[in-house]
Structure formats: C-alpha cells, structure tokens
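Dock chain B against the given chain A, drawing on the hints supplied.
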Amino acid sequence: MARFLPQISMLILSSVLAACSSGPQPQQDTVSYPEPIFTAKRLLPPEHADLTEVFDPWEPMNRRIYIFNYHFDKAIFLPVVRGYETVVPSVGRTGIHNFFNNFEDLLTALNSILQLNPEKALNSTGRVIVNSTVGLFGLVDVASKMDIPRPVEDFGQTLGYWGAGQGPFLVIPFLGPSNLRDGLGKIPDFYVQSNVQTDLLSQPVDLTATVLNPIDTRANTSFRYYENGSAFEYRMVRWLYSTKRELDVNQ
Amino acid sequence: MTITKSTLALVTGLCALLFASLASAAVIAEDNYGYPITDRFVATVVGTPEQYVAQLPENIPFKGRSITIFPDRVTPDVFFYGSELLYSVALQNHKAPLIFLIAGTGASHNGSKNFNMAKAFYQAGFHVVSISSPTYNNFVIAASQTGVVGDADRDAEDIYRVFEKIWGELKDEIEVTSFNLTGYSLGGFNAAYVSKLDEDRKTFNFERVLLINPPVSLYNSISLLDRMTDNIPGGVDNFDKFVNKLIHAYTTTYKEAADAGGEDFLYKAYKALNLKDEELAALIGTSFRISSASLVFTSDVMADYGYIKPKGLQLDRYSNLGEYNDVAVRLGFTDYYHEFFYPYYGANDPESDRDKFIAAISLTSIEDYLRNTKKITVMHNADDVILEPGEINFFTRVFGERATIYPHGGHCGNMNYKDNVAHMVATFTNGGEQ
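These protein sequence lines are chains A and B, in that order.
The first sequence begins at 1 in this note's numbering and counts up one residue at a time.
The second sequence begins at 1 in this note's numbering and counts up one residue at a time.
Among these hints, one or two may not hold up.
Said to hold, decoys possible - Straight line, CA to CA, 30 Å or less: simulated DSS-like cross-link-like pairs of lysine-lysine:
| no. | chain 1 | residue 1 | chain 2 | residue 2 |
| --- | --- | --- | --- | --- |
| 1 | B | Lys374 | B | Lys202 |
| 2 | B | Lys63 | A | Lys74 |
| 3 | B | Lys418 | B | Lys95 |
| 4 | A | Lys244 | B | Lys374 |
| 5 | B | Lys63 | B | Lys311 |
| 6 | A | Lys74 | B | Lys165 |
| 7 | B | Lys63 | B | Lys95 |
| 8 | B | Lys375 | B | Lys202 |
| 9 | B | Lys95 | A | Lys41 |
| 10 | B | Lys202 | B | Lys356 |
| 11 | B | Lys171 | B | Lys374 |
| 12 | B | Lys245 | B | Lys202 |
| 13 | A | Lys41 | B | Lys245 |
| 14 | B | Lys165 | B | Lys95 |
| 15 | B | Lys171 | A | Lys74 |
| 16 | B | Lys165 | B | Lys196 |
| 17 | B | Lys245 | A | Lys244 |
| 18 | B | Lys165 | B | Lys418 |
| 19 | A | Lys145 | B | Lys418 |
| 20 | B | Lys196 | A | Lys244 |
| 21 | A | Lys41 | B | Lys196 |
| 22 | A | Lys186 | A | Lys74 |
| 23 | B | Lys245 | A | Lys120 |
In short, the hints are calculated from the structure, not lab data.
Extracted from the complex, chain A is given alone in its bound form:
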C-alpha cells in the first residue's frame, strides 16, 4: 500500500501538468489601466537582482497545486488531524511520533553514509539501535534522553551533497513545496521506508502505519496555509523553502 503513494502523487501531478498545458489559456488582458502611483519602473533599479527570486518555470502549475493543497488541507487533512488528536491521547501521539522518527533516523543513517559523513551516520545508527531496542520499537525516544544528537538527512540532501542543484521549484500535490531534486529524492526514501515497514510489520500494522504517517507529520507541522499574514505567501514560502534546503545541504 505505502509503496504506491509516490506513484499516486506523481499521477496527479502529471495530470495537472497535462491539464495546464492543454487547457484554455487565460485571455490576454487588452484593457489598459492607468499607472499606479508607484511602479516597478519608477522604484526598482534597472539591474535589480532579486535574491528572493527562485527558479520557478512551472509557476502557473505550482500556484494551482498550492491552492489545491490549501483546499485539501482545510477540508480533509486538518479535520483528520483534529480527529486524531481527539481520539489518541497525547502520550500515544508522542509514541507514534517517536516511532516514525525512528524510521527517519534510519533514512538519515543511510543518507549520511551516502554523503560520506561518519559522525552523522554513527549518531543516527546509534539512535536507531537504542530506540528500536530499549525504546520499544521506537515508541520511546531513549536516544534523545541520552543526548545523542539527531541530524536529519534525506536523499534530496544526498543529491545536493554530490552537486545536484535544486532544479525548478515544485509544489507536490498533498505534500507541499519542494523542488525537482528533492521531489525525486522522496522516491528512494519512501521506497526504503515502505519496504522496511512491510518486512518488519504485520500487514495490518503496516497499513495502519502508512495511514498514520502523514497524519503524524501534519500534526507536528505548525504551518497553516494563508495564516502567516503575508499578502505574498506563495512567494514567501517558495523563498523560505529553497533557502532552508540550501542551508540543509551546506550544513
């Protein structure tokens, strides 16, 4: 079940892509409007290099997916998260969160090896070993109590480590802002996690975990669409995301 999620996501993505390229193009605005008091021509220096600009050739499509994600978040995702928070007591949610963090630590260990970083690899491997045993299959985060650092490395960062640029900005249906490199990077990470999950867990538990994983992630992400007060949210998120990923790779 879990292993099909990236394919489903990509399927939707490609259908949106197709819809955008073949759909009716917006009418060219032929009406001319009076110039506003302050214009770019008047205020911006001619060779103005905008550092908040991010390579975004698919912007029209991305904006549509961004808005789709907002509607999905509001109508389905957040209500489900609220239900989860009502039904599962706080201590249970912490356990579930630790359980998925343990998988993330495993991915970090693998990616740290691929990035030839023994320190991070050792720390993450240590965390996985401690938490999977003493920490009861990852439900208790004993490693953090032992002050073992918790780096996070994913395959997007591994690609970045070996020199791959971020590529075009990409908003992925359901998952949110990303870029071509990180979007592709999610596939091997997901593949590894879902295989380990399927091998280690019984089928009903695997299925439960697959359903709970995105809910847990959302429950632990404070971001709310269109609530940061900026009238320019898409651009702000795009810039923050790409800055953050640049820093993640250089770290």
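For chain B alone, coordinates are given in the frame of chain A:
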C-alpha cells in the same frame, strides 16, 4: 539617519533626567528590576531569555475560530482565503471576567505575544478573546470597513464591530462577569481608542483597560521605524541581500549556539552573531517593512486606489504578485501615509490638512479622556525604540500613577518577563497592586 551609540546614550540620559523630575508615576528603579537585557535594540529583537520568562501553563484550550463581519462583502479573488475573520478564544467553563486582546502591527490573533498573554490571563481565570491587529492581512480583508487602515477612530470602529460580532456568538456559550481590554504596541494604541468609543456605545462598559508599549504619535513611530531600514548596508535596494545574509549568518551560527547550552536559543544566536546596534535597528526596520509591504498592498487591493496596483485591474488567486511585492518593500509607511492614506481620507475635506491628520492619530488627541479615565493603565519602557526622545514623558504626565515605566526592555522585549506578566495580570485582578 544612523543611530549611533552616542545618540543612544544621549537619549537614554535625557529620559533618565526627565524621569527624575516626575515623582508620581510608578517608575521602576533600575535596582528593583531584574530583566537582564539593557540594550534597547537587543531587548526588542531577542525578547526575554528563558530563565527569566514567567511560569505559564504549556497548554491552554486556545482555539482558532472564524466569523463573517460583512455578510455582503465580495472578497477580491486574489484574497479568496481571507473572507472570514480568524480569531482565537480560551474559555473558562464557569462564570468569569472576559478580556479582549489586540495584537500589535502586522501580528495575528495567535502570534506568540498574544498566545503568551492568553496563557497568563487564562491561568488567572479569565475568558480570553484574541484578535489580530487591524493591520494584519486577514483583518484588512475581512473586517476593515474601508480597507485603508491607520486612522485611529476608524480602526477603533472596526475593532468594536468585531468585538460585538464575536460577543454575539459567545454570549450563549459563556457567562461573563465583566469585560476588559488590553493590547500591545499598536494594539495598545488601538485599545485606548476602543475604550473611548465604548464610553458612547456601552456594549461592554470595560472595567479595566491596559495599554502595553503603545506609540504616542503613530506618525512619529512609523517614521522612526521607516528610518531604521536606512541602516541596511547599501540601502533599501539591498533589502533582499540583507535579509538573506542575516538568515545565512543566523543558521550558520545556529549549531554553535544550540550546542552552547544554558541560555535560550535566540539570545545565544544573537551573541554568536555579534550584531551591532545599527544592524539590529536594520533588522527591526526590516521586519516592520515586511509587515507594512503586505499591509499596503492589501489595502490597495481592497480600496482599489491605484497605489501600487493599477486601479481597476482585477487580480485573481493565480496572479503573480512578485512585482507588487518588490515595489511594496521599497516603500515606507510614510509614503503610504502621504500618497495613499491622507489623499484617501483627507482630500475631499477642505477643512483638513496633513498636520491635522497627523495630530489626530496620536494619543495626545484624546489626552483629556486618558487623563480622566481611571480604568486605563499603561505599562511602558523608558528605552522603547518606537518612541521619539521625550515621548515617554507623555505617559507619566497624563496617566500619573496609572503608568508603570520600566527602566529597560526596548519595544515589548520584556513582555514575557515574570515581573511584567505578574503586573499585567494584577492590573486586572486587584487593581494593579502586586
């Protein structure tokens, strides 16, 4: 204008001198005040280090809600997400006093400052209703009558309407013994005018009102904040570069700071970054500019004035707003005032002029009311960065012993400090006695 250390020293010295001559106000002596940061810019940016923060509950039932303020309003498609006003409540399950909180410039109903105040008041047994600043994007879209904010009386009308609508929904849900009001920064300024409006409307008959670090003259304060961006190395054209540089520097020092242990992160990061006062001022100005850019664009769309967006042009939810954003961050609040706000409200009134308009958006315009209204109290800092030299004097002069002036804390930097929180709550529970 560059704020140098010597002018700072001069300002601080001047303030101290002025205080010495005013015995009646509750001026907190340096020796009796334990808030640790004495640099006003650092205090403003860093806030309160963790071990000095008031003990507050980690979780309170602080719930987001939404409400329609103008049922007939057609929201412009570019703001399709903002047609309902968002606010938060934390309600007691028994009969209790209610307190309204108004956030500061560009801040939301669930921003960290309002959230912390909500915790303090909820813990003290209040029903809490928290709203965003009238300058917050969602408020302008959903709750501003004209879309053009910054006029003290009109903003108060907007806030009052919001309070009445919210109360209309809450009154079947909770029992209330009294209504109270507070706000910080611009929210404190708003609270003064809302309190005055309440004297006529009498829907709430506020029992107590607390103003926290309000500006005196809105125009003076926004001019000060505008000028802080002059500290950006290379000027405002390097705005993006400056923000990028800061974020990079901040993150590079992050690990170092996070490993250092002890004090909390922001303070450590600040120490690691070793920013100069001019850079901190630039940072404060930048943060204000990001808020004001968003506000000005939102107002322009709502009023269709033709300030940075061509008048008549209908933007939709898919429109690329990049160029408007670039233009908006290059404009100060004073530009907005002179080229948009004043022409919008004042141009048709032959009686008005710019000076009168500036004078009207200042607490000095309601000085008599503030002097004679015992239910209003003030908490302020002698070194607040949004006040012109000497302006702090207004509070000691007008409010007398109803003003509590802390020797330092910058602009709202000490709001979470334990003495400040205790005083904030005591103002409403036992008339300010601690």
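Taking the hints in turn, this is what the structure says about them:
1. Lys374/B / Lys202/B: Holds, at about 17 Å.
2. Lys63/B / Lys74/A: Status holds; Cα separation ~16 Å.
3. Lys418/B / Lys95/B: 27 Å, holds
4. Lys244/A / Lys374/B: This hinted pair is violated, its Cα atoms lying about 50 Å apart.
5. Lys63/B / Lys311/B: Roughly 38 Å separates the two Cα atoms, so the pair is violated.
6. Lys74/A / Lys165/B: Given pair Lys74/A, Lys165/B holds - Cα atoms ~24 Å apart, limit 30 Å.
7. Lys63/B / Lys95/B: 19 Å, holds
8. Lys375/B / Lys202/B: Roughly 15 Å between the alpha carbons, so the hint for Lys375/B and Lys202/B holds.
9. Lys95/B / Lys41/A: Judged against 30 Å, a Cα distance of about 59 Å means the pair is violated.
10. Lys202/B / Lys356/B: It holds: about 28 Å lies between the C-alpha atoms, which stays within 30 Å.
11. Lys171/B / Lys374/B: 27 Å, holds
12. Lys245/B / Lys202/B: 51 Å, violated
13. Lys41/A / Lys245/B: Between Lys41/A and Lys245/B the Cα gap is close to 26 Å, so the pair holds against 30 Å.
14. Lys165/B / Lys95/B: 20 Å, holds
15. Lys171/B / Lys74/A: 27 Å, holds
16. Lys165/B / Lys196/B: 19 Å, holds
17. Lys245/B / Lys244/A: 13 Å, holds
18. Lys165/B / Lys418/B: Violated. Lys165/B to Lys418/B sits at ~34 Å, over the 30 Å cutoff.
19. Lys145/A / Lys418/B: 29 Å, holds
20. Lys196/B / Lys244/A: 46 Å, violated
21. Lys41/A / Lys196/B: Given pair Lys41/A, Lys196/B is violated - Cα atoms ~44 Å apart, limit 30 Å.
22. Lys186/A / Lys74/A: The hint holds at about 24 Å.
23. Lys245/B / Lys120/A: Holds: Lys245/B and Lys120/A sit about 27 Å apart, inside 30 Å.
Checked against the numbered hints above, the structure violates hints 4, 5, 9, 12, 18, 20, 21; every other hint is satisfied.
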